[in-house]
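Enquirer: Chain by chain, the residues run as shown.
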Amino acid sequence: MERLGTLEVKNLNKKYRSQNDDLLVLDDINLTVQPGEFISIIGSSGCGKTTFLRLVVGLEKGYEGEILLDGQRLNGPSLKRGVVFQDHRLLPWLSIEKNVGMGLKNPKSGESRKTIQEHLELVGLKGFEKHYPHQLSGGMSQRAAIARALVNRPEILLLDEPLGALDALTRMYMHQELERIWMKEDITMIMITHDVDEAIVLSDKIVVMSSRPGTIKKIIPVPLARPRDRAGYDFANIKEEVLAEFQLHTDHPFTYSI
Amino acid sequence: MKFQIIKNKLLGLIIPLILYVAWDFLTSREIIPPELLPAPKVIFDTWWDLQSSGELALNMKMSLLRVGFGFLLGAISGFLLGTAMGLWKPVELYLNPLFNFFRQIPVVAWIPFLILWLGIDEWFKIVFISFGAFIPMALKTLEGIKGVPASYLEVVRVFEYGWFRVLRTVIVPSALPSISTGLRLCLSEAWMLVIGAELVAAGEGIGNVMVIARRLFQTDVVLVGVIVIAITGFAMDKVLGLLETRFLGLHRSQNAQ
Ligand SMILES: Nc1ncnc2c1ncn2[C@@H]1O[C@H](COP(=O)(O)OP(=O)(O)OP(=O)(O)O)[C@@H](O)[C@H]1O
Ligand SMILES: [Mg+2]
Chain A
1 MERLGTLEVK NLNKKYRSQN DDLLVLDDIN LTVQPGEFIS IIGSSGCGKT
51 TFLRLVVGLE KGYEGEILLD GQRLNGPSLK RGVVFQDHRL LPWLSIEKNV
101 GMGLKNPKSG ESRKTIQEHL ELVGLKGFEK HYPHQLSGGM SQRAAIARAL
151 VNRPEILLLD EPLGALDALT RMYMHQELER IWMKEDITMI MITHDVDEAI
201 VLSDKIVVMS SRPGTIKKII PVPLARPRDR AGYDFANIKE EVLAEFQLHT
251 DHPFTYSI
Chain B
259 MKFQIIKNKL LGLIIPLILY VAWDFLTSRE IIPPELLPAP KVIFDTWWDL
309 QSSGELALNM KMSLLRVGFG FLLGAISGFL LGTAMGLWKP VELYLNPLFN
359 FFRQIPVVAW IPFLILWLGI DEWFKIVFIS FGAFIPMALK TLEGIKGVPA
409 SYLEVVRVFE YGWFRVLRTV IVPSALPSIS TGLRLCLSEA WMLVIGAELV
459 AAGEGIGNVM VIARRLFQTD VVLVGVIVIA ITGFAMDKVL GLLETRFLGL
509 HRSQNAQ
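As they're listed, the protein sequences go chains A and B.
The first sequence begins at 1 in the numbering used here and counts up one residue at a time.
The second sequence begins at 259 in the numbering used here and counts up one residue at a time.
Incorrect hints may have been included.
[To be verified] Now the in silico label distances, taken between C-beta atoms and shown as ranges: (1) A:129 / B:495: 34 to 40 Å; (2) A:17 / B:269: 49 to 55 Å; (3) A:130 / B:370: 56 to 62 Å; (4) B:501 / A:226: 56 to 62 Å; (5) A:16 / B:503: 38 to 44 Å; (6) B:422 / A:22: 34 to 40 Å; (7) A:121 / B:501: 37 to 43 Å.
[What the hints assert, rightly or not] With a straight-line cut-off of 30 Å between C-alpha atoms, the simulated BS3-like cross-links for lysine-lysine are: (8) A:114 / A:130; (9) A:15 / A:205; (10) A:217 / A:61; (11) A:80 / A:217; (12) A:217 / A:205; (13) A:218 / A:10; (14) A:126 / A:114; (15) B:347 / B:404; (16) A:80 / A:105; (17) B:347 / A:105; (18) A:205 / A:184; (19) A:218 / A:80; (20) B:260 / A:130; (21) B:267 / B:299; (22) A:126 / A:80; (23) A:98 / A:126; (24) A:114 / A:80; (25) B:404 / A:80; (26) A:15 / B:347; (27) A:61 / A:15; (28) B:347 / A:61; (29) B:404 / A:61; (30) B:404 / B:496; (31) A:239 / A:10; (32) B:404 / A:98; (33) B:404 / A:105; (34) B:404 / A:15.
Hints are computed from structural coordinates only; laboratory data are not their basis.
Predicted model, so just to flag it, every value in this text is computed and none were measured.
Heads up, the beta-carbon is just placed ideally off N, CA and C, and yes, glycines get one too.
Using the sequences provided together with the hints, build the complete structure.
Expert: This is how it looks when you write it as structure tokens:
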């Protein structure tokens, strides 16, 4: 039986209109994402990653080409496609608990409370239910935003540098957590990142983008068994392959960021 | 922390105190003639007389009643217009240019027409006050709603919220601080204008007491009027300020970050 949630992007072009001339941000993007896949998008700043994500979420209109979900053209945002924005966008006047519950139809019901609690635990924010966003660190806010995006069980979760504000150790912990969530919820994830290691640890495929205009330069599959060994030989090889796309080479893979 | 706050408040009292001492010194030695500026002690006695005869209370009551009605009328209509323009683009397109034109007109410029239409009795004063109160309220309400960050609206679009839930979850909380500021501006405007209206048209009221006193060269009564107006205005703003902190205090600090 075929599973639902196949995302197909065909010949996608996106222009932004500036004063006189059009700025071509995305140029002929073609990508198919199978249900349950974990995809990372990696590319230099300003190459159009966020723009691509916003198009897939349905927040951005006016493009050429097709974005299809199970063969249907997208029609605006939907609960089926959750998003974690680059800036966490928690509502400052709602407690963390209420923020996390935003995606639920009836956040006050007993069942919702339980779900909210579970998701807070999932991202390690137990005990911060009654706190407000301004009382949280940047990393905690990002984790709260992840919990908020997951709470209504979307088919596809789009993450825009969700771990950008975390320290290296918390980040590694979150890699484990994200992987666990991804497996448990059986959800498609598309994550933008600047961290090559992160991309390799988590993804089935890495999409490397180049800029001006943003195009897909290469799609690198990561056929490694999970959980992945960061110190392994194959890991290093794939890292070499990704970094080569950026004219960077490494004898020894520590953390490289693009 | 606490000490610092008290210290900062005390700093604001230094200059008034110096002015008071100078005033007392200059008037009690009659360096400034008493017809031009009465001494603090005289002011205090006059205030006491007006107070104990009940004259002050009666006139204050009249002024405050007018402020109350004018404020309510202006605040409600301003809020409604601001909300309508903020939430519905067509309303904004139809009405905002007219509103911007209207608000350039100083409220006092309406006095001749208002008197012509409404006479010089209560309705004139109330409508006059409400004209003035209407403008900051409409402006601040519109500003508050227009200022709702688009990024938050995107979040709830992804969650497929209906309009009511968008209103309740994002628009109201986000616009509330600005609306509350509008309310305060609106009240202080109303209080200024009631005095203006009473200076123009006779009847009871604190402004009228001052007009009569000026004609009789009772500078002390005029000055009592000035001080009472200042204290009342200050107190009203403080009360609204406290209510605001009480209900929005937390909220404001969260928005500020
Ligand atoms: N609303 C907009 N109007 C005009 N130009 C825009 C708009 N949004 C983005 N751009 C332009 O599109 C390009 C891509 O922006 P985008 O935010 O997608 O980059 P990004 O790859 O996410 O970068 P980063 O890694 O820094 O987040 C940039 O050159 C930017 O200036
Ligand atoms: Mg971006």
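Enquirer: Mind listing which of the numbered hints don't hold for this structure, in increasing order?
Expert: none
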